[in-house]
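Trainee: Those protein sequence lines, which keep their order, are chains A and B.
For the first sequence, position 175 (counting from the first letter as 1) is numbered 175 according to our numbering, and the numbering increases by one without interruption.
For the second sequence, position 251 (counting from the first letter as 1) is numbered 251 according to our numbering, and the numbering increases by one without interruption.
Heads up, some of the hints might be wrong.
[Stated by the list, open to error] Pair by pair, the computed Cβ-Cβ distance ranges are: (1) A:A171 with B:I257: 33 to 39 Å; (2) B:I26 with A:S235: 27 to 33 Å; (3) B:A50 with A:D209: 46 to 52 Å; (4) B:F261 with A:G106: 31 to 37 Å.
[As the list claims (entries may be wrong)] Selected chain A positions facing chain B (in silico; Cβ < 7 Å): (5) P62; (6) V144; (7) P155; (8) A298.
Read the hints as simulated data drawn from the structure, not as lab findings.
As the structure is a prediction and not an experimental result, all values here were calculated from the model.
Positions of the beta carbon are idealized from the N, C-alpha and C atoms, including for glycine.
One-letter residues, chain by chain:
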Amino acid sequence: MQAGSAGAKGGKMFRSRARIRTFSLWAVVLCMLPGILHYLIFRLVPSITNAVLSFTDISGIPGTSWKWIGWANYKEFFVLQNVRDLKNVLGRTAIYAVTVTLIQNGIALLMAVILNRKFLRGRNLYRAVYFMPEILGVTVVATVWKLMFSTPTGPVFLLMKDVMGIENPPAVLSSFDYAFPAVIASQIWMHMGYSLVIFLAGLQNISNDIYEAAYIDGAGEWQVFWRITLPMIWSTATVNTLLAIIGSLQSFELIMTITGGQFNTSTLGMMVFATAFGGRGATASGGSVSGLRQGYAAAQSMVLFVAVFIVTVISQVLMARLESEQ
Amino acid sequence: MKKKGSLTNIPFQVFSYILVLIFLLIYLFPLFFSFNTSIKTAQDYVTNPAGLTRSWAFSNYIVAWQRASFDKYILNSVLYTVVCTVASLVLSMFIAFPIARKYVPFSNFWYYLFLCGLFLPSGAIPLFQIILNIGLYNTKIGYMLIMTGVNATSVFFFTGYLRSLPRDLDEAASIDGCGYMRYMFTCVMPLAKPAVVSMGLLTMIGIWNDIVSSTIYLTSESNYTITRGLFVFTGQYQNDWTLMAAALFIVAAPLIIAYLFGQRYIVDGIMAGGVKG
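Construct the complete structure from the given sequences, taking the supplied hints into account.
Mentor: Written out as structure tokens, the structure reads:
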């Protein structure tokens, strides 16, 4: 791609002379510099030094001293922590990632296949509506769902009580059993449109002729989906799976804004945030930790990073194997 | 095209429409319910939570605006959004252009260096330590430094777009004695308008909606954003649902307007970022 577009008229000689004849290298480099420096200082260096901080007891409180403490943070997380807490938080993180990835992509794929069909009128409108929560952002979406799940006047409560006839419907967002599924549902509601848009982009690359031929040969919708659509957008599905896994394993914004990590909703990402910067959800059971223990939080986030990495590799291998089996 | 429609069997069409409508309901109902609640008096909401508004209490918006102190935060939000969006776009453009044209040595290296940003973990904790140690914690400047950024998607998107601009233009401009900066601002950026608008809208929306960084870095109310104000407000007035609903629509209004006008650009940006990213 690069060679093609850069390949102007002449050969190499002409191009290198043209470079001198256009703008001075100094001006070009000087203008790049602020962007590069900003990226190095505020993106690359922090990202890499996180590993270093995980071996210290550094705190977020200004003016406190810190020292190297070796593997103590990791030991605290894996060994000294209450086993049930550890299991809870890791399990919950896994459940969050798996359910969000599968349901979000499943719905998005189904809706994308439908929205890609020409017979449907108002396709752009539907796409715009499904994508809307992504634009509204976490805080607004969280407020909407707090309202939806509120007791005793929220629609979900009324639905359970008056339509489904449940006698004492739970207060969903302050229930240890239902708060977590509710947060998962909000997460899927918010980000389904994103996966949908990416699936639609993939579907648009498939030529209509293939479909036309299949339909003329008498193939049914189901066959067309399994034999043509799915194989042809497998690479898009792989990208979407990757994005959803990385996104859901790390994401804690909705947890933070809806329940604040209380009522058994804290995942590893939420724990890192609450341990480092304060707030509930620093422990699996929704408690808080004092002292802004950023060294410990850095170690937790390294665990999260390794988890993301492993899950990503496994999912990519799995997707590739499924593809070759088709 | 028409022929294809007739080839599709009717049951499948019906099934499709039903599914699309169910999801429309799932997506529109929560928003409609929130809006309906936002124009009810508290009394009306408690006695009649599910029904349509009878009180048409648009004054909720004024009360919510005052109670949530949005008047104190709105200017901050506008300042952060404008400054950080413009800065991010300009920085990304100045990175993407030389890479697209191969005007700098190792342009592929720079390209992939910025593309790494998509996969790197966030590094929120070291970033916090950096900001703390250079004395910019809880300052407007510090927050803006964090929210500005050469984001990988922009570099990727711009590089792709700029490659399609004719190279002759650069030569013509420089022969006429047009300086690099002037050329970038008066020629390249206007020509790359669709890409700039796409990335600009996405960046703006991201900054306006930010809640994590503003929670971490801004502790004084005088630095709060309107989104942060909404979050604090929903925590304080937990049972004032009508005011909460009004407050949420105040924060969402600019987003909804931006979405109405720029929907195509926004979706284009997401598609481009997602397919290759």
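Trainee: Does A:V144 hold up as a contact with chain B if the rule is Cβ-Cβ below 7 Å?
Mentor: holds, 5 Å
Trainee: Are B:A50 and A:D209 spaced within 46 to 52 Å by their CB atoms?
Mentor: holds, 50 Å
Trainee: If you take the shortest Cβ to Cβ gap from A:A298 to chain B, is it below 7 Å?
Mentor: With a closest approach of 5 Å, the A:A298 hint holds.
Trainee: Please test the hint of 27 to 33 Å on the beta carbon pair from B:I26 and A:S235.
Mentor: Holds, since B:I26 and A:S235 (Cβ atoms, about 29 Å apart) stay within the stated range.
Trainee: Verify the interface restraint on A:P155: the C-beta must sit less than 7 Å from at least one C-beta of chain B.
Mentor: holds, 6 Å
Trainee: Given a hinted range of 31 to 37 Å, is it respected by the beta-carbon distance of B:F261 and A:G106?
Mentor: Cβ of B:F261 to Cβ of A:G106: about 32 Å, so the range 31 to 37 Å holds.
Trainee: Using the beta carbons of A:A171 and B:I257, state whether their distance is inside 33 to 39 Å or not.
Mentor: Holds: the Cβ-Cβ distance is about 35 Å, inside 33 to 39 Å.
Trainee: Verify the interface restraint on A:P62: the C-beta must sit less than 7 Å from at least one C-beta of chain B.
Mentor: Nearest chain B Cβ about 6 Å off; hint holds.
In summary, this structure violates none of the numbered hints.
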